[in-house]
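Asker: Spelled out from the first residue to the last, the chains are:
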Amino acid sequence: MIEAISIEIDNFLNYISEVGISKLFRIFWFFFMFELFRYLIVDMLALIMIKIKRVFTKKYRDEARRRFLQEQPLISILVPGKNEGKHIFKLANSLREQTYQNFELIIVDDGSDDNTEEICRSLKRNGLIDIFIRNEVRGGKASGANTALRLASGKYVVHLDADCSYDMDAIEQIIIPFYEDERVGAVGGNVMVRNYKESLATTLQGFEYSDAISIGRMVSSYLGIYKIISGAFGAFRMDVLRNIKGWDIGPGLDGDITVKYRKLGYRIVFEDRAVCQTSVPNTFRKLAKQRLRWDKSLIRFRLRKHKDVMLPSENFNLLNFLSFAENITYTLILNIKWYVYVFDVFFNFSGMIWVILLMNFFLYTMTNYFKLIFFNFFRERKNAPFSYFIPFAPLMVFYHGYFLRFVRTISYIKEIFFKASYEDAWNPEKTSLKAKEIGI
Amino acid sequence: MKVSYENNAIKSGGFDFGVISINDPWNSERIAYYDGIIIDGVNDDFVRNLVVRIRSHHRSEVYLKPIFLLKNVSIKDPIINELIDGVVFSLDQVEFVVERTKDISLKVKEILEVKSLSFEAEMINKTINLLVTRDKKQMQAFPYIRSGIGYFYPELSINFAREDESNVLKILEMGEDDGLFTSSFNDRLYLCTNCNGGFLNYREVCPQCSSSHSTTEDMVHHFPCAYIGPMKDFQNTIDDELNCPKCNKTLRHIGVDYDKPSELHTCQKCNHKYQDYHVRAKCISCHHDNYIENLIPKEIKNYTLTRKGRSVAYNGYVSTTRDFDEVPGTVKYDVFKIMLKYEIERLRQNDYTSNIGFMHLANAGEIYSRLGLERQKSLIAEMIGILRHNLRSADFIAFYDASTLVLSLNEIPTKIANKILNDIASLTISLMKRNFKTVEVQIKTNAIKLTTEISHELQLQNLVRTIDRTPQNIEKDSEENE
Ligand SMILES: [Zn+2]
Ligand SMILES: [Zn+2]
Ligand SMILES: [Zn+2]
Numbered sequence: 000m001i002e003a004i005s006i007e008i009d010n011f012l013n014y015i016s017e018v019g020i021s022k023l024f025r026i027f028w029f030f031f032m033f034e035l036f037r038y039l040i041v042d043m044l045a046l047i048m049i050k051i052k053r054v055f056t057k058k059y060r061d062e063a064r065r066r067f068l069q070e071q072p073l074i075s076i077l078v079p080g081k082n083e084g085k086h087i088f089k090l091a092n093s094l095r096e097q098t099y100q101n102f103e104l105i106i107v108d109d110g111s112d113d114n115t116e117e118i119c120r121s122l123k124r125n126g127l128i129d130i131f132i133r134n135e136v137r138g139g140k141a142s143g144a145n146t147a148l149r150l151a152s153g154k155y156v157v158h159l160d161a162d163c164s165y166d167m168d169a170i171e172q173i174i175i176p177f178y179e180d181e182r183v184g185a186v187g188g189n190v191m192v193r194n195y196k197e198s199l200a201t202t203l204q205g206f207e208y209s210d211a212i213s214i215g216r217m218v219s220s221y222l223g224i225y226k227i228i229s230g231a232f233g234a235f236r237m238d239v240l241r242n243i244k245g246w247d248i249g250p251g252l253d254g255d256i257t258v259k260y261r262k263l264g265y266r267i268v269f270e271d272r273a274v275c276q277t278s279v280p281n282t283f284r285k286l287a288k289q290r291l292r293w294d295k296s297l298i299r300f301r302l303r304k305h306k307d308v309m310l311p312s313e314n315f316n317l318l319n320f321l322s323f324a325e326n327i328t329y330t331l332i333l334n335i336k337w338y339v340y341v342f343d344v345f346f347n348f349s350g351m352i353w354v355i356l357l358m359n360f361f362l363y364t365m366t367n368y369f370k371l372i373f374f375n376f377f378r379e380r381k382n383a384p385f386s387y388f389i390p391f392a393p394l395m396v397f398y399h400g401y402f403l404r405f406v407r408t409i410s411y412i413k414e415i416f417f418k419a420s421y422e423d424a425w426n427p428e429k430t431s432l433k434a435k436e437i438g439i
Numbered sequence: 000m001k002v003s004y005e006n007n008a009i010k011s012g013g014f015d016f017g018v019i020s021i022n023d024p025w026n027s028e029r030i031a032y033y034d035g036i037i038i039d040g041v042n043d044d045f046v047r048n049l050v051v052r053i054r055s056h057h058r059s060e061v062y063l064k065p066i067f068l069l070k071n072v073s074i075k076d077p078i079i080n081e082l083i084d085g086v087v088f089s090l091d092q093v094e095f096v097v098e099r100t101k102d103i104s105l106k107v108k109e110i111l112e113v114k115s116l117s118f119e120a121e122m123i124n125k126t127i128n129l130l131v132t133r134d135k136k137q138m139q140a141f142p143y144i145r146s147g148i149g150y151f152y153p154e155l156s157i158n159f160a161r162e163d164e165s166n167v168l169k170i171l172e173m174g175e176d177d178g179l180f181t182s183s184f185n186d187r188l189y190l191c192t193n194c195n196g197g198f199l200n201y202r203e204v205c206p207q208c209s210s211s212h213s214t215t216e217d218m219v220h221h222f223p224c225a226y227i228g229p230m231k232d233f234q235n236t237i238d239d240e241l242n243c244p245k246c247n248k249t250l251r252h253i254g255v256d257y258d259k260p261s262e263l264h265t266c267q268k269c270n271h272k273y274q275d276y277h278v279r280a281k282c283i284s285c286h287h288d289n290y291i292e293n294l295i296p297k298e299i300k301n302y303t304l305t306r307k308g309r310s311v312a313y314n315g316y317v318s319t320t321r322d323f324d325e326v327p328g329t330v331k332y333d334v335f336k337i338m339l340k341y342e343i344e345r346l347r348q349n350d351y352t353s354n355i356g357f358m359h360l361a362n363a364g365e366i367y368s369r370l371g372l373e374r375q376k377s378l379i380a381e382m383i384g385i386l387r388h389n390l391r392s393a394d395f396i397a398f399y400d401a402s403t404l405v406l407s408l409n410e411i412p413t414k415i416a417n418k419i420l421n422d423i424a425s426l427t428i429s430l431m432k433r434n435f436k437t438v439e440v441q442i443k444t445n446a447i448k449l450t451t452e453i454s455h456e457l458q459l460q461n462l463v464r465t466i467d468r469t470p471q472n473i474e475k476d477s478e479e480n481e
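Same order as they appear, the protein sequences are chains A and B. Take the first sequence: its position 23, counted from the start at 1, is 22 in numbering that gives the first Met the number 0, and no numbers get skipped. Take the second sequence: its position 242, counted from the start at 1, is 241 in numbering that gives the first Met the number 0, and no numbers get skipped.
Here chain B stands alone, though its shape is the one from the complex (with noise of 0.2 Å):
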């Protein structure tokens, strides 16, 4: 096999396979560019981050990208090599995978690309197309030192922040419900009441003031005397020997001469006595000390995908069961798609520019983890809210996916398009800030200008891949109300 390699590229047996090393900046159009993905292994953070980043993405074209690892060691972190597709020790090799890449590549064309307006059919449906395109049909929660609960299932879990993990339970317990996955024990977990973190220091504490900071004695009873007290009160400065303070005895044999009845902990706080202490579990991320009785207690569970759990790939999971229909103010993606290409007639007959732009929510995971679903359904009708007062209402808007709206902004500069947008973007973050404060929302947003020479489609798609780009909004206007 012929086997050529330039440009940090390498073409075998048909594909191109992009080498990407660790001075290389992040570019998702170079990964959706290739057929495969070749990572220089030499540094196992920026293997990591770089699997993490890719596999994590929201574009299909990148996100199930075949990926190997160059590398002459094997990379410990059992996550990555989990989602990884390979391994090659020489770019020599690189003809090896290509039968892997092909395998994956025709998979993935047979996979059915739908947006969804649901949050949680969206992660179902990222994750169901990466386990059908390797041929995967279980998911095991795997043990691990970088999840933020403890358990973490590679192909789900990637896409959260630490701090947004406990959400991967609830949206497969939605999946399993829907009858996607069957489910089989794995262990039980207990979690932060505060923050759903798994990263617990359970430890005993003084039943009065809580703190951890004790010392801990035996307490001895001596027979002929009935002397209690700590060991040290035997101890003399002169010999190893144990000698009674209330009778001068010596301490000969446990059991028959004295014994040691009980265990005392003395707070080195409050200097409270006590046996019973209490447990308490101190939560390492958010620092909340847990009473275990409240801990949120999970079962983990390994998944196996059901045939209907298959076809989702195949078919498209459009909204789990739990989510709401429509959205008030916007039309369907389809119905959009097609009022795009009547304004393309349109502007072939007319002399006025027409644009399309999205508005994107950069943290959707982490709104949708801390707001759950129903107040997360509240922020979206919010923002549809002001996105109607503000356009046209010439203008319409739809679904991209679950964290992007797509819009048009007909008959203006592309220019004063943007900055429309940009407005509307930020006027919606510091609402979002007055209604929801626990949460700080990141928009995006870009319009470009629409034009006659290419389809609709392929229109769309070159604004969406923009979003990468793009960077995040400010609140401009944050002084003034503050």
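Looking at chain A on its own, in the form it has when it is part of the complex (with noise of 0.2 Å):
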């Protein structure tokens, strides 16, 4: 076996040195061209560039936090969930250790059915929970977060899952961008894996969130093409969140808000030093429902009901249609694309497939442990040593190669043919049938 494969290497590099670097490109020409390029290069020019701003602005973020302290703004904590209640005390409790204190902490229990609401009643009774309220028949995330807002007070929103945990300066981290740029409408929170450890797929998962979502979304919101503020730690200003009349039905309520505030005219920034810790699916299986559900969205949301980004209009924004443009294309048409490309090479290059199969592989796992390396560097803080995926980056070409983009081609098709996330599980039915009724 062994002996077969490195024959076909010899016949591989044979081949090259005989067609030349052209040839090489031409039957790789879906890894240099979209890969390489945008996933490496861009990161890698991104970040460092970061680095160098940070270095020279960081008397105007200390500025920016001083006055932030200074004025010690309320901050409404928004927690909406549906049987949470054995996390929301380890929650509470967690957020009295936050260096910022000037915080409401808001629960909101769409529609439970354990014991969620005696749990927090006993916690608001204690005081560590500032507002509770019960909706006795669930309404979905979107109107519990609504819900929680109708009450809030603060001038800015945190929205939290109950689930998480955060760093002890989380809050103040996520709020200090509004005193560094007034143009900023929201701010995403760095959301990172805390049972890594747990399976091979939380492995893998703590490997994405680290390098492909954590550094993307550095290197987006320095591009200014930021894009989804993730449920689990997302900071709004509340004027904006009132003006917009809060969240819309989901799923993927949270690439939603950000589109209106974009389209508003505020920025949207990623904060790599406020950090959240939290669990992730634990099985392939659950991890492909849950992705499923998030890749429904952007077919749901960017296609159809965000259409006008895209089209020329009075309220045209470059840096919206590129955001958009980007998302579409990295997403919805590579993933088309790299079916072209598995044709591509099927057709015309089908007596090496098994040789450009590994090739493909080496490239991907030698661009991923350089990745590894060198975006280490970059990262502020970080929840696991780099060291522990080391062995699993060979792995990861499988785990975005193959497993994501199968799970993410499925849900396409059915959201494109079917509109699958109406029937979705995760709304209830009533809201769901309303929202594919009006089209949104």
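Hints are computed from structural coordinates only; laboratory data are not their basis. Think of the CB as a built atom: it goes at the ideal place given N, C-alpha and C, for glycine as much as any other residue. Hints may be right or wrong, so weigh each one.
Example chain A residues on the side facing chain B (calculated, C-beta under 8 Å, incomplete) [claimed, not checked]:
1. 127
2. 138
3. 141
4. 150
5. 241
6. 244
7. 361
Chain A is nowhere near these chain B residues, computed Cβ spacing over 12 Å in every case [what the hints assert, rightly or not]:
8. 28
9. 33
10. 80
11. 218
12. 235
13. 240
14. 261
15. 271
16. 294
17. 299
18. 456
Put the complex together from the two separate chains, hints included.
Answerer: Here it is, written out as structure tokens:
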């Protein structure tokens, strides 16, 4: 077997030396054109720029922090959720550890059928929760968040997930960007994987979060095309949130609301220093389910609901257009292109298919290692030592290249052709029905 | 049957009935004198006050008196109806109540009057005497608007001021423990932690500032856009349509395009928004805002007199099992009477003045309920200490009843005796004021001259009759003390 492979590689290298570098590019065009350029070169350049900028603007950030702490604005922390009672005590307690304490904690119980209500009522009696509202019938995540919003009186809103935990300076860090630039309308927090050691699935996700997601968001934020504020940790200007009358129904409401902010001309930034830890799905099956839901939202919200961003109009904004275009290109179009690539290789280089696969694997693995080491210099806060991920870099090729891509394909097909997100059990049926009817 | 009517009195069937109308002043002697009382019932308040006054009197000649009501329409107060012995529609009908009067009078004669040192025992005694002379076996709790706790046991509760009424429950419990009553459940009751009052206003209050001033709104959830807000957000000034402020669509059909997932209260004092209101019970009497979990729970029972209970009326009931036995510095009432007899004998041979007097706690019921049994005991002990200190050792003291001490003041002029009693009373009042800050003690004193003409028993009775007429002592040296 190994002998067979080494012979194949020999053949391949001979072939390359014969046909020259242009042929190599012809065979691996997908890798060179998209993956290497967008996810390595651009990232590297951006990260270097970010690093330089941070050095030169440190004074400015310190000043912003000073103004923020002097003003002491009230922060409304909203935590909507169903059957989250078991997490709320830990969350409320951990919030007491925050360096910034002028906040109100608002919990909305969205029709839980367990003991969430009891737990929260007693926490409120003991002063750990400021406002607790129970919706007797479930209304979905957006209505839960909007209920909390209705009762909030802070200057900024921080949206949290009950099952996450937060660095002690997380609230402080996520608010500072508002004081650095008054055009900032919302700030996304940096979500890390708490249970990265639990299983292979969580380890690979840990790798993904710290490289693709976290670094990716730093870069897109720098480029001005950052798009999704994670529901687990995001901060919003209250006046804007009230103006747009809160969240629309999900799934994908996290991405949806940022589009609305962008349309109003506000900047959306990512703050890697505001850290939150979450538990991710611990099996590939659960992970696939989660990603199916996330990916569907791209179609639904980018292509359907907010298609106007792509069209010339009086509200047209180049950055918004680019953000959308980048998002659609690098998720939807690339996904299609990849299949084109696979066909291309199959038909034109069928004799070398195994070699090409191997080579592909090799190229991606090398890139992963390079990124793992290189990015490490740009992370200010990490929850896992990067060495932990070293053995998993080759596996990430399969994770990114096949698993996630496959899931994404399925979800796009489902959403484009069947509008599957409207049947998602994540929202109550009544709201989905209405949303489908009016086409959002 | 012959009926004669003069001087506001009617004779019929050998009984004298006093007719009391609204302009007659209160006179316990007059009530004690007649065989029965007819109240001219023109005014309900007057009737109630008079009935209460008679039935709560401390002398059996007064509180056991048959009472009839002269009235065209029946009185609505259920408690008064329980406490009177009959109704006549005109004075001509008085012969119809003769039988009843006779019956009660006979039973009253069988009653053995004993004087007790125990306030509870005295109350139980009074109650049972009233029941037995009226052939009643049951004592039922009436829901009653004028009751301090909401439920009223006519024969017993009548003895208490509104604010002290909860003692009734303690006393009945005591009676039940001593086997005088059996009980059955009637209702459950919650009382104010501060004053034992039963008039409580239960209402939802803000969990943050306890204010009851709040507004309540239904939250509306508009499905298509996930808007959440109160109904008023959807109203417009132009028409009756309800439009969503976020997506402008019209609300159509609850459950289809919108619903009301929650109700929200907003405190008008501190602006707190909440669902989990606290319930507090505000006492109408003392204004204390009670946490409902702290309210004093009580079981209201109906009581039935046992055979042992009935016998109390004939044999007397000197002390409950919870009472103290004797108070140092006093002699038993029987001993006091014997000593008195000897003093009258001495008076026949000597030429000096001797006196008997009383010291009466005018608000014993109140003191009892404010201090509780233990502290009341120490109050009495202190009072006797003061008396002993200021009287000569030859003078003796005895309890006439739980709220009245009788004493002898020998070989001094009556005027001096009265002055001594007065001084002791005001000293006691100011002392009590210092030691028992929550209660004001009201004391009546009087001394009368002993004569050799009539028996010692009769003289004692005459003395005790003056209690009603005697004004209260005031604290003389209060200025010096404050
Ligand atoms: Zn009270
Ligand atoms: Zn309040
Ligand atoms: Zn709407």
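Asker: Evaluate each hint against the coordinates.
Answerer: Hints and how they fare:
no., hint, verdict
1, 127, "13 Å, violated"
2, 138, "5 Å, holds"
3, 141, "4 Å, holds"
4, 150, "5 Å, holds"
5, 241, "11 Å, violated"
6, 244, "4 Å, holds"
7, 361, "48 Å, violated"
8, 28, "62 Å, holds"
9, 33, "64 Å, holds"
10, 80, "48 Å, holds"
11, 218, "7 Å, violated"
12, 235, "16 Å, holds"
13, 240, "18 Å, holds"
14, 261, "5 Å, violated"
15, 271, "8 Å, violated"
16, 294, "19 Å, holds"
17, 299, "32 Å, holds"
18, 456, "67 Å, holds"
Figure legend: structure checked against the earlier numbered hints; hints not met, in rising order: 1, 5, 7, 11, 14 and 15.
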